[in-house]
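Engineer: So the protein lines, in turn, are chains A, B, C, D, E and F.
Under this note's numbering, the residues of the first sequence are numbered 4 to 129, in order.
Under this note's numbering, the residues of the second sequence are numbered 4 to 129, in order.
Under this note's numbering, the residues of the third sequence are numbered 4 to 129, in order.
Under this note's numbering, the residues of the fourth sequence are numbered 4 to 129, in order.
Under this note's numbering, the residues of the fifth sequence are numbered 4 to 129, in order.
Under this note's numbering, the residues of the sixth sequence are numbered 4 to 129, in order.
Mixed in with the good hints there might be a few duds.
Heads up, the list lumps identical chains together, so a pair's fine if it works in one copy or across two of them.
Calculated cross-link-like contacts (lysine-lysine; reagent style DSSO-like; alpha-carbon spacing at most 30 Å) [stated by the list, open to error]:
1. Lys23 <-> Lys13
2. Lys23 <-> Lys60
3. Lys80 <-> Lys23
Since the hints were made in silico from the structure, they are not lab data.
6 protein chains.
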Amino acid sequence: MAEKTEKTGKAVFESIFGDKAAQTEAMLYALSPELARLGIDFPFGEFYAHSDLLDLKSRELITLSTLITQGTWPQLKIHLYAALNVGCTFVEIEQAILQLIVYVGMPKVINAMTVLKEVRDEMNEG
Amino acid sequence: MAEKTEKTGKAVFESIFGDKAAQTEAMLYALSPELARLGIDFPFGEFYAHSDLLDLKSRELITLSTLITQGTWPQLKIHLYAALNVGCTFVEIEQAILQLIVYVGMPKVINAMTVLKEVRDEMNEG
Amino acid sequence: MAEKTEKTGKAVFESIFGDKAAQTEAMLYALSPELARLGIDFPFGEFYAHSDLLDLKSRELITLSTLITQGTWPQLKIHLYAALNVGCTFVEIEQAILQLIVYVGMPKVINAMTVLKEVRDEMNEG
Amino acid sequence: MAEKTEKTGKAVFESIFGDKAAQTEAMLYALSPELARLGIDFPFGEFYAHSDLLDLKSRELITLSTLITQGTWPQLKIHLYAALNVGCTFVEIEQAILQLIVYVGMPKVINAMTVLKEVRDEMNEG
Amino acid sequence: MAEKTEKTGKAVFESIFGDKAAQTEAMLYALSPELARLGIDFPFGEFYAHSDLLDLKSRELITLSTLITQGTWPQLKIHLYAALNVGCTFVEIEQAILQLIVYVGMPKVINAMTVLKEVRDEMNEG
Amino acid sequence: MAEKTEKTGKAVFESIFGDKAAQTEAMLYALSPELARLGIDFPFGEFYAHSDLLDLKSRELITLSTLITQGTWPQLKIHLYAALNVGCTFVEIEQAILQLIVYVGMPKVINAMTVLKEVRDEMNEG
Chain A
4 MAEKTEKTGK AVFESIFGDK AAQTEAMLYA LSPELARLGI DFPFGEFYAH
54 SDLLDLKSRE LITLSTLITQ GTWPQLKIHL YAALNVGCTF VEIEQAILQL
104 IVYVGMPKVI NAMTVLKEVR DEMNEG
Chain B
4 MAEKTEKTGK AVFESIFGDK AAQTEAMLYA LSPELARLGI DFPFGEFYAH
54 SDLLDLKSRE LITLSTLITQ GTWPQLKIHL YAALNVGCTF VEIEQAILQL
104 IVYVGMPKVI NAMTVLKEVR DEMNEG
Chain C
4 MAEKTEKTGK AVFESIFGDK AAQTEAMLYA LSPELARLGI DFPFGEFYAH
54 SDLLDLKSRE LITLSTLITQ GTWPQLKIHL YAALNVGCTF VEIEQAILQL
104 IVYVGMPKVI NAMTVLKEVR DEMNEG
Chain D
4 MAEKTEKTGK AVFESIFGDK AAQTEAMLYA LSPELARLGI DFPFGEFYAH
54 SDLLDLKSRE LITLSTLITQ GTWPQLKIHL YAALNVGCTF VEIEQAILQL
104 IVYVGMPKVI NAMTVLKEVR DEMNEG
Chain E
4 MAEKTEKTGK AVFESIFGDK AAQTEAMLYA LSPELARLGI DFPFGEFYAH
54 SDLLDLKSRE LITLSTLITQ GTWPQLKIHL YAALNVGCTF VEIEQAILQL
104 IVYVGMPKVI NAMTVLKEVR DEMNEG
Chain F
4 MAEKTEKTGK AVFESIFGDK AAQTEAMLYA LSPELARLGI DFPFGEFYAH
54 SDLLDLKSRE LITLSTLITQ GTWPQLKIHL YAALNVGCTF VEIEQAILQL
104 IVYVGMPKVI NAMTVLKEVR DEMNEG
């Protein structure tokens with residue numbers, strides 16, 4: 004069974020979120036220190052850390068899919084940045100979103116594309 | 004822009020579903036001929052056909068994620084077979100399901116694992 | 004403002020559910036007498052009773068749409084019978100379900116068509 | 004079986020959305036040209052085009068119901084305009100929303116009424 | 004069986020919502036007078052009024068749980084104030100939200116904590 | 004910050020699930036050993052263990068609420084037994100379910116009452 008230490012969770016989180024890691028952690032901590040601990044240690048130490056079993060690009064596509072299905076748009080935006088950071092291309096991400104027309108219909112896909120456009124625009128500005 | 008013909012949709016569907024394709028199409032047709040046409044042509048001709056833009060393994064993982072999030076268990080079962088057929092391993096699929104504990108919580112993940120076990124058992128029997 | 008009495012709720016319920024009314028009410032009462040009271044009086048006295056403001060066929064199509072979207076299949080089955088009873092045709096119902104491919108995707112629509120087929124089969128048997 | 008051409012989808016879309024059609028299409032195209040093609044051709048060519056099988060007023064009520072159930076508010080706003088454009092009255096729309104108290108509870112109905120009020124206010128202003 | 008009169012519903016509503024009651028009722032009335040009647044009389048007269056059968060603190064925790072699960076954030080904010088007003092502490096509310104990581108995953112819990120922070124900040128300001 | 008050890012999670016789990024604990028853990032383990040570890044250690048060690056901050060009866064009501072809202076019926080059944088085991092009465096549980104008519108509508112509440120009846124019948128048999 005894979006070992007997990009708090010340090011591994013944070014390190015994995017930082018490698019996936021890149022330059023968005025610090026502000027994401029700060030945002031969580033400002034809401035609740037407990038939430039920050041649980042929100043970094045558990046997901047990234049228990050799951051994303053096992054990139055040898057399932058690679059990070061696949062993991063981020065899986066996460067994008069569930070976030071779009073749930074309509075949790077703030078988290079979608081954060082993970083669009085993460086997906087790009089681990090090597091997904093804009094084309095792959097757009098294909099992933101469009102495919103969800105089959106599974107969740109047009110409304111959520113349109114809303115997801117709106118968030119993707121925000122990310123594109125932000126990246127073009129700076 | 005990618006071209007799409009009805010023949011492409013059905014061919015892609017058959018390559019992804021393998022030996023489950025015929026019974027799946029028959030099941031759809033028995034419900035509604037319109038549903039069978041729309042259910043094969045649109046998803047597989049418009050989306051899965053573009054495996055050059057996003058590969059089939061990634062596409063199936065995206066589909067598993069949304070089906071588990073939605074709790075649509077009959078379709079999850081069908082796509083577990085499809086995911087295996089396009090090259091996802093049981094380890095990768097199990098990792099994908101476990102990762103969703105972070106995003107949808109334990110209940111849906113337990114129910115998804117129950118469907119995966121059905122697939123494993125069926126494959127062991129024959 | 005529209006008036007509502009308990010008697011109106013039950014009478015409207017019975018006119019919409021036809022020969023399925025008695026067994027539906029009995030089913031609710033067996034679960035919880037409170038549930039039966041709330042489940043007949045409120046929906047049918049407060050809403051369906053106002054068929055002069057929005058007709059019963061429209062009301063049943065609205066109900067079918069939300070039940071399919073939610074995936075609450077036992078209630079979908081009951082309301083498929085109700086929709087037929089108030090004058091919706093099988094063609095209209097099938098069109099309503101198929102249209103939801105655009106809004107909820109294929110999985111829930113396939114599951115809805117499965118319930119519709121059960122209703123068709125039951126009606127053909129007796 | 005009904006025939007479908009891209010022109011039919013766009014023509015149906017324009018007749019339903021009236022003076023909101025151009026801006027809606029432009030909004031989709033700005034997000035993704037693929038999305039605009041899929042978002043107009045498929046829904047309106049494959050489904051809304053068959054208004055002989057299920058009329059447009061019924062179709063819009065079905066759409067309002069699923070959008071409220073899903074909580075996809077931007078699309079609800081667009082379709083409130085569409086529902087009015089195809090002949091639904093404010094009274095019918097309000098009755099449709101209120102009826103959903105029975106099926107989705109108060110929160111989503113309150114949020115839907117908030118969107119309806121936005122539409123009313125916009126229409127009163129100009 | 005418990006008796007219910009319109010006056011009981013409004014009185015219970017006012018006792019639970021405290022100084023937020025008037026503005027909440029006004030908000031509902033501005034959307035739709037029918038909605039205001041149904042939104043106060045039914046929930047508070049039929050359910051919250053029976054605080055002898057299930058106490059108000061428990062009732063508000065149950066309501067917080069479903070609102071977070073549904074992602075209906077405007078109503079969550081209102082009920083966070085109500086929960087505090089009927090005697091839930093910030094610690095209890097935070098524990099309730101964190102527990103939902105197990106059942107709905109991190110995204111909705113983060114969004115819920117964001118709403119809780121808004122309430123804290125508003126209460127600190129005045 | 005509260006400490007957590009694997010032993011605490013399992014002990015809390017066993018105290019809450021009583022005579023259903025062994026079979027529940029066995030069921031999870033049969034699906035996936037990883038799932039059993041994550042499904043007992045994390046929820047019960049990180050959350051339910053803090054019954055000094057939020058009591059177990061409240062915690063189970065919160066859990067019932069989210070499970071009914073999500074429609075995850077197998078887990079609802081398990082937690083109905085757990086709720087009774089930690090001291091919730093049938094009256095309190097029934098009131099909790101009925102209150103959700105306000106927040107999720109009738110369909111899910113009827114389905115929840117159906118599961119409650121199963122539990123009642125099983126308890127009456129032995």
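Engineer: With reference to the structure, classify each hint as holding or not holding.
Structural biologist: Hints, verified against the model:
Within a single copy, Lys23 and Lys13 get their C-alpha atoms as close as 13 Å, which meets the 30 Å cut-off; across copies the closest is 36 Å, which misses it. Taking identical chains as interchangeable, the C-alpha atoms of Lys23 and Lys60 lie at most 30 Å apart whether they share a chain (17 Å) or sit on different chains (28 Å). Taking the closest pair of Cα atoms, Lys80 and Lys23 come within 30 Å of each other both inside a single copy (11 Å) and across two copies (28 Å).
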